[in-house]
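Trainee: Sequence:
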Amino acid sequence: MLVTGIEITHHRYCPNSAQHLASVCLTLKDRIVTLFCQLDLPEDESLKSCRRAFVGDATRQLCRMPEIRSGRDRLEFSADLVGDPLPEMA
21 MLVTGIEITH HRYCPNSAQH LASVCLTLKD RIVTLFCQLD LPEDESLKSC
71 RRAFVGDATR QLCRMPEIRS GRDRLEFSAD LVGDPLPEMA
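Under the numbering used here, think of the first position of the sequence shown as 21, with each following residue one higher.
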């Protein structure tokens, strides 16, 4: 699975659960996977830290998919995303 794009949308902080919430859309060659992510970070956490954590949580969730867990497929990021794959929050 080659991830060619990342988009983070609907970011908000929920004071009731004390979590940052967002949808992370990962664009793959043949599909778009949307994952709901929750972060246990302080309310005043920097946007850069939140973006990095959202990408990390989405990657963690994607790695739990059967095709990756079984070893049938590998998760890779395109060269454009390697280094600092931090999308802006929409």
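FYI, nobody ran anything at the bench for these hints, they're computed from the structure.
Model, not experiment: these values are computed from the prediction.
Be aware that one or more of the hints could be misleading.
[Claimed, not checked] Pairwise CB distance ranges, derived in the manner of DEER restraints:
#, residue 1, residue 2, range
1, 91, 24, 33 to 41 Å
2, 83, 29, 17 to 25 Å
3, 91, 34, 18 to 26 Å
4, 84, 47, 16 to 24 Å
Note that CB positions come from ideal geometry on N, CA and C, so glycine has one too.
Trainee: Decide, hint by hint, whether the structure agrees.
Mentor: Hints, verified against the model:
no.: 1; hint: 91 x 24: 33 to 41 Å; result: violated (22 Å)
no.: 2; hint: 83 x 29: 17 to 25 Å; result: holds (21 Å)
no.: 3; hint: 91 x 34: 18 to 26 Å; result: violated (36 Å)
no.: 4; hint: 84 x 47: 16 to 24 Å; result: holds (19 Å)
Checked against the numbered hints above, the structure breaks hints 1, 3 and satisfies the rest.
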